[in-house]
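The chain contents come next:
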Amino acid sequence: MMNEKISHLIKESFGEQAVLSTDFSGLQGTIVVQTNLIADICLLLRNHPTCYFDYLSCLSGVDLGIEKNQFAVVYHLSSITLGYQIALKVIIDHPRDTPQLPIVPTVSQVWRTADWHEREAYDLVGIYFEGHPDLRRILCPDDWEGYALRKDYVAAESYGGLKINGEVKTNE
Amino acid sequence: MNNLKTDPSKLKNEEMILNMGPQHPSMHGVLRLELVTDGETVKECIPHIGYLHRCFEKHAEALNYQQIIPFVDRMDYISSMNNDHVFVMGVEKMLGIDQSIPKRVEYIRVLVCELNRIASHLIAIGTYGMDIGAVTPFFFCFKEREHILNLLEWASGARLLYNYIWIGGLFYDLPVGFEQRCSEFLIQFKPKMRELDELLTNNSIFISRTQNIGVLPLDVAINYGCSGPMLRGSGINYDLRRIDGYSVYPELDFEIPIGAGKMGTTGDCWDRFDVRVREISESIKIAEQCIERLTKELKRSPEFDPRAKLPKKLIPKAQEFYCRGEMPKGELGYYFIADGKSDKPFRCKARAASFSNLSVLPELAKGAMIADLIAILGSIDIVLGEVDR
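Protein chains in written order, with my numbering: chain A, 1 to 172; chain B, 1 to 389.
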């Protein structure tokens with residue numbers, strides 16, 4: 001019920017084409033929206049009195065599989081005031097052999113917590129958040145190569161003179 | 001590789017870059033702070049994390065759901081039971097077996113989780129006192145924590161990393177006599193909490209070090225995604241055990257302590273500390289109720305098998321699910337993507353409470369004194385195993 005209302009609200013404000021698809025059948029409702037509108041939609045959902053999604057629970061970057069060539073960013077919103085939860089999702093088509101990263105607008109000006117979450121998604125999945133104030137690697141070192149959570153990630157031979165995935169010696 | 005974010009050549013005359021950590025006891029693990037200071041005042045604070053990064057999420061993609069539990073243990077390694085509980089809950093919901101878990105199993109889960117919550121808060125309180133210069137409470141807290149660890153070790157076989165709560169059940173039933181020894185512990189523990197209150201919570205030196213320091217207004221707390229005692233210290237009654245009412249928490253009677261600015265401003269370090277102290281008493285209340293039910297209507301019987309409901313085939317249907325629960329530090333969430341074909345998650349993202357709680361530190365540290373920064377950091381109560389995952 002609430003899910004439909006929210007999806008209707010987005011369509012009303014940004015036009016029918018803003019919502020690409022919805023899935024309310026499972027345990028949690030998911031709305032897939034247009035990538036370039038995500039920041040505006042988040043701002044609307046945060047401020048609108050029907051939902052007040054004031055809390056960003058989780059922001060995850062996802063690699064949707066090698067053969068699909070798609071990446072996704074999933075936003076789990078929750079409303080402290082009203083007690084609802086919903087997931088927003090953007091899907092980016094992106095060939096993986098290019099050196100460029102898939103680009104998503106940042107939501108860090110809507111929720112400040114997105115700052116670190118987006119840095120994590122950039123660090124581990126390799127998604128570029130346009131407009132982010134300080135997009136650096138957060139968990140891996142600055143000179144780390146590759147994005148660990150991509151499905152085609154192969155670890156480098158060594159890092160800083162140390163072997164990665166070297167031979168493990170067991171006690172005899 | 002330049003390890004600083006600030007450019008030293010752009011500093012003003014009186015400014016200085018000070019590096020704190022990663023190897024220092026008051027950093028609570030391996031956290032590094034880059035401070036731009038003007039005399040004693042912190043102008044900017046930039047946390048550098050990742051020293052304990054093990055990429056749990058990548059490991060999780062290569063293991064089946066049951067095998068992930070030991071990895072989950074190692075995220076927040078001082079409250080492993082709570083980590084397990086939320087993870088297991090999420091997988092059970094995806095499999096659709098969450099309603100068929102026996103009541104006794106659920107009560108045992110809540111009992112061990114609350115014991116672990118007490119242990120975690122005892123560390124938070126004890127080390128916080130030590131950060132500020134009171135060494136004695138640390139020993140008081142660790143002595144009591146040791147009793148809890150002994151109890152949990154008796155049940156699970158491990159002191160810290162339990163792997164006790166399994167999908168669909170438990171590793172084993174509680175050992176014979178556990179309930180009795182646990183209630184004996186709680187009886188002797190209650191007066192110790194009053195002792196601790198006198199020693200630390202109401203100590204005037206402690207109060208003057210923490211009142212009106214690191215004030216976190218409610219709107220900032222929500223915007224930065226703070227949760228747990230951080231959020232409740234700012235004066236909102238928001239506890240996922242009540243909001244979501246998962247497991248058997250709706251059947252239990254407990255209150256949610258919130259900060260009210262008793263010693264200064266709402267949301268200061270003292271409030272956050274006080275919320276933790278009072279949460280221990282609430283956890284004792286919950287544990288007592290669990291023990292009562294576990295010894296009366298849900299008594300142990302020879303037929304009871306905590307592994308009876310373990311699913312033979314652990315393949316959830318294709319779906320996405322974000323499961324959240326309240327752990328001692330705040331909201332812990334797992335975002336699963338199951339593809340419906342394999343027993344391994346396609347993606348398993350952990351939303352760690354300490355990670356979001358720590359991200360508010362630059363905001364709180366701005367304009368604080370260096371000595372107060374330690375007080376602020378201690379009141380956030382981070383565990384770096386969870387921040388870095």
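Simulated from the structure, these hints should not be mistaken for lab results.
Here the structure is a predicted model, which is why all the values come from computation and not from measurement.
Any given hint might turn out to be false.
[Said to hold, decoys possible] PhoX-like mimics (lysine-lysine), calculated; alpha carbons at most 20 Å apart, straight line:
hint : chain 1 : residue 1 : chain 2 : residue 2
1    : B       : K285      : B       : K5
2    : B       : K285      : B       : K103
3    : B       : K12       : A       : K163
4    : B       : K285      : B       : K93
5    : A       : K151      : B       : K58
6    : A       : K151      : B       : K344
7    : A       : K68       : B       : K5
8    : B       : K12       : B       : K366
9    : A       : K151      : B       : K103
Cross-check of the supplied hints:
1. B/K285 x B/K5: 47 Å, violated
2. B/K285 x B/K103: 19 Å, holds
3. B/K12 x A/K163: 42 Å, violated
4. B/K285 x B/K93: 28 Å, violated
5. A/K151 x B/K58: 9 Å, holds
6. A/K151 x B/K344: 14 Å, holds
7. A/K68 x B/K5: 37 Å, violated
8. B/K12 x B/K366: 17 Å, holds
9. A/K151 x B/K103: 40 Å, violated
The structure does not agree with the numbered hints 1, 3, 4, 7 and 9 stated previously, though it agrees with the rest.
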